[in-house]
Every structure is written in C-alpha cells, then in structure tokens.
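Residue numbers (the numbering used here), protein chains in the order written: chain A, -2 to 149; chain B, 358 to 857.
Don't read these hints as lab results, they were simulated from the structure.
Quick caveat: nothing in here was measured; it's all calculated off a predicted structure.
In this text, a Cβ means the ideal position worked out from N, Cα and C, and glycines have one as well.
Don't take every hint at face value.
[Said to hold, decoys possible] With the C-beta cut set under 10 Å, the calculated list includes, among others, these residues of chain A facing chain B:
#: 1; residue: Ala101
#: 2; residue: Ser113
#: 3; residue: Thr124
[What the hints assert, rightly or not] A few chain A residues that face chain B, going by a derived Cβ cut-off under 8 Å, partial list only:
#: 4; residue: Thr83
#: 5; residue: Ala112
#: 6; residue: Met142
Below are the chains, spelled out letter by letter.
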Amino acid sequence: MSNILARALRTTDGQSGLVFMAVGIIAVVGASQYPIGTLARMGPGFFPLCLGVMLIVVGLISLAGSLRSDDVIAEPVSVRALVVITLAVVVSALLLLQAGLLVAIPALVIISAFASPSVKWLPLLVTTVVLTALAYGVFVWGLNMQIPLVWW
Amino acid sequence: MDLLANLELGFGVSLSLGNLFYCFVGVLLGTAIGVLPGLGPMATIAMLLPMTYALDPITALIMLAGIYYGAQYGGSTTAILINLPGEASAVVTAIDGHKMAQQGRAGVALAVAALASLFAGTISTAVIAGFSPILASLALSFRSPEYFSLMILGLIAAVILAHGPILRAIAMVLIGLLLGCIGVDVNSGVARFTFGALELSSGIDFVAISMGIFAFAEIIAHVRDKTTGSPKLYEVTSLWPTRQDVKRSAPAAVRGTLLGSLLGLMPGGGATLASFSAYSVEKRASKRPQEFGQGAIEGVAGPEAANNAAAQTSFIPMLTLGIPANGVMALMMGAMMIHNIAPGPQILTQNTQLFWALVTSMWIGNFMLIVLNLPMVGLWVKLISIPYRYLYPAILVFCVIGIFSIDNQTFQIFVAAGLGVAGYFLARLKCEMAPLLLGFVLGPMLEENFRRSMQISRGNLSIFVTQPISACVLAVALVLLIVVLSPRMRRKREDVFAES
C-alpha cells in the first residue's frame, strides 16, 4: 500500500496535485483574513476564496488520478542551473542600485555562465564586454534611462 | 466608403518613416526568434515590452505585432530546412516541408510557404478590417454579465488548447487568477496577499510575471541540454514552383486561409491550432492522401496559410472585446495597457487611428517578410548555429534591465526571479504557462465583472443564463468543455499533441 502511495507521489499527477492543494490552502487561509461579504455584496475575500476552494478540489482530483498514473518523473532537477541563474538575477538586482549598471551587468553575465558545466573564460570575457556595452548603448544612451552607472 | 477612408487613414500612419522602420525591426526580430529554437515569441515580446515605453503607442504595437507574425515565418524556415520547427505552429510544416527539402525542393517549399503566408496575411487583414467594426458595435451593448461569460469562455478555451492534461491547465488558470488578486482591491482598498510588502500593493507587474515564467524558467530548463551540433542543411536551389505546384497549392492556401481566419477569431484559438487543423483538412480533402508525409506541397501551403491567418485574426477579440485569445494576445494587451490604452469596443471609435494603423501595418509587414525571407534564407539559417551560451546571458541582461525600467525599482526583479523558479518546477510537472498568464491578465477584470453582475442581480447567479447573449456564450463554453472531457475526444486530443 505504502509502495503505491510513494510511487503515486512521484508522478506528475501526484506532485502537481500537492502543489495545487498547497496554493489553494494558502489562498483560502489568506482570503479568510479579509471580509468575505455576501454574493450580492462581495468583500475582498470572496473571489480569492472561491478560487482557492476550486484549486483544492482540482488538486484532490489530480492526486486521486495519480494512483492510476504511470507518468513518473524521471528527469532530475537541474539544481545547478536553478541555483546559478536565480543567484545571478538576484545578485545583479541587488547591485543595480547599490553599485551601478556597469557592475551589475558583468556580474549577471559572469555568474550565469556557471550554469553550464564548463566555463570558457575567453568567450565569457568577450560576452561580458559586448553585453555590458550593449546594455549601456540600448538603455542608457538609446532610451535615455536613469540608471546609476557606477557607485561613485 | 467608410472602409476605404479608414484604410487610408491607417496607411497614412503605418507608412510613415518611423513606423515603417519599427515594423521592419519587429518582423526582423520576429524572424530571428522564429528561427532560433528555445526563444519563443512570448519571451521575446515580454523582453522587448519595456523598450517600447519610449515609443509612441501605435509604433510600439506595430513593432510587437511584427514580432508575432514574423515568428511564424521564421519558424517555418527552420522546419523546412532542418526539420526543427522554431515555433509550435510550424510543427506540421516540418512533416511535408522537410521531405520536400530532402527531395531537393527546399526552395520551392520555402517559396510556397512564404507566398501562402502572404496571401493569408492579405485576406486576414481584410477580415480584421471588415469584421472588427461589427463585433465592436455588438460589444457596445455588452454589460458585466456578458463580459464575465465571455471571459469564462476565453479561459475554458485556453484550457482546452493547452498542451498536456486538462486538469492541470485548469489549475494553472486558477493560479493565474489568484496571482492577479495580489495587490490592493479596487473596491474596498484592502491590500490582498501582499504579506506586508508595500511594493506589492499595486500587484505583481505584468512584465515581471511574463519574464519570470517565460524567460527565466525556460533558461533554467534549457541551459543544460542546448548543445547544438551543426545540423544537416539542404541546399536551396530553385525558388520557383512549377505550374503543377501552383495548381496544387493555391486551393490549399485558400482553404487554409479561411480555416485559419475562423479559428483565429475563436477564443483560445491561434496559430498552432490553425496549422494542425489545416493539415488534417488538406489530408482529408486531397485526392492523393498517400502523398502526405512524403512531401505533399498542399501540406506546406495549407498550414502555413492557416497559421498566418490565425495569428492575425486572433487580434480581433483582443482589440474589440478586450479579451485576449491566447498568451501572445495577453502580452499584446498588457503592452496596450502599459501605454494607457484600454482594449475594448471603444478602441474603434476613440482610437481609430491606432486600430487602422495596426491593421494596415500587418499587411505591410507581410510584404517585408517576403523580401526578408526568401532571398536571405541562407543568412537566417546560420542563426541556428549560435550556441545557447551566448544567447541566454543576453536574454537575462535584457530582462533584468527591462523589469527595472518599469518603475526604476529592483523589487519586481526579485518577484520575477521567484516566479522563474516556480515556473521551472511547474513546467517540470508538465503544466503549461500560457493559461496562467491569461488568468493573470483576465483576473482583475473577471472579478470586477463578477462583482458588478452580482450587484445588478442582487446576488442571483441566474443572471448569467437569463441574459440571452451571456447564456449563449456560456452554452458554447459548456459544450466545449463536455466535448473535450468526453473520453473519445480526450484520446484524440492527446494524439494531436503527441505529434508535436
């Protein structure tokens, strides 16, 4: 029995069912903090509450379906790409206002390069220079955007 | 003649030097992304949205529209030459188009694809011009219940046409609707789901969500497996179709155009559905069905005409009703709202110039595409060999600065990064992103119209079925849902998507 369950939770149906239910529960809990109102006079909580309930129902159906599903997820999560790309975006966002465009863009390009297993330094250097120049040319020079360039 | 005067007004604007230039830029970029696998029109339009802030709204829309239908052209080029459809709508083109290339008739296939597209583009431009005013005048009598029902129909159609299981598509729409709830509720002033973050009071930014779920999530998913070897290319020799080719492909192009124009109009319709349907129609109508899959020229002409026609007519529901039919139209609508233009029936009366300039620019753009594509096909194909490791940092750079440029704040960049992670995991569970975006865009409007309808009817839900137009629309939605959920259709639908 527990085998079937464990297997069901490794299918796309099972996992997506759990995700939908989780989001639905968050929505229901969140929405119940706000006035619900009546159908004729809906409060701000009414609509999200309905959505949350529907999402939980959909999640349950999906979970039930997972018992008969054989669509087991085989592909591993690309942890490296996930971490590196997200890190690159977050770091560059942090640097953008603090250190300026001419620091944030090279940081973004260089960090994101580590998403692929082998980093070739010369092409990376060229890419960094070209993209930084491009960003400057398009956004600062071309579109006249107000972005801090460097920190001093 | 009202129509002629309107067309003249439109051409007056769209033929101005600046608009011609941006139309050209749009179709150029569109062709490029159509050729490049792994960079779809959704991500590109999202990426370029912020750059159009500085432009005049008309010019911005002309360029963004150009990207969309330009991508249809580019996608078929690679489908024919290397059996690698750049866009989903070109998947069926690859079946017979690539066979033709193997038989040394690549040039003919490309030429027929381009000419069929031009023909379809011309006709569907006329359809938009003729049909939109009718629909818009009808829509002027719509009130909240009608709009609510129309949006429900649109969302259901989006669910049906999503790849993968229907249940998950429904869930994605619901999640999109919920994400649309974030921010201050206009009716009560209550800040919903902001978790105390002041920056979230105006909600998740449209640009941030589309970049997160399309650009960031796709990069995370593809950064590893995009090692493009050099594909086998087939020589493009003669571009000229024989008389026999013309005789076979002309009726196919006409059928494809009609079918595509019709399917583009339907909520949820669009280029991909149109090309798939056109292919099966051609196969059935043909006297030589056995040639399909072996390089039948009708199998190129029909779907190519259909996807281009549908790409263009799908603008009609968005422009006249304010209801986007698919993900790309949701993006276009977002672009209009960024420029403070509310799509809807009033566009034709209040923004006459914008409407007709956009319509005529599509026609001009189609001509540009022919010139751009046929003689320079060799150049485009070279784009495929650009390694992904040069492409994705560029996408990241444009996204990060693009999101920043919305309000000169970095908060939405973090939101986009988070949504990118969420989008990656959802895509891994085979959940489609387009229904989510559609839900997000329609969410606030859906809620508003639902609340207003309920106020009118004093909480009586039957208002949606007692109003005739609303009842008809809901009936269509219900029929669609039943048909798709029936076991027989379910299998068929899976077959169709299994081919892609």
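* To do: Identify every previously stated hint that the structure contradicts and give their numbers, smallest first.
  => none
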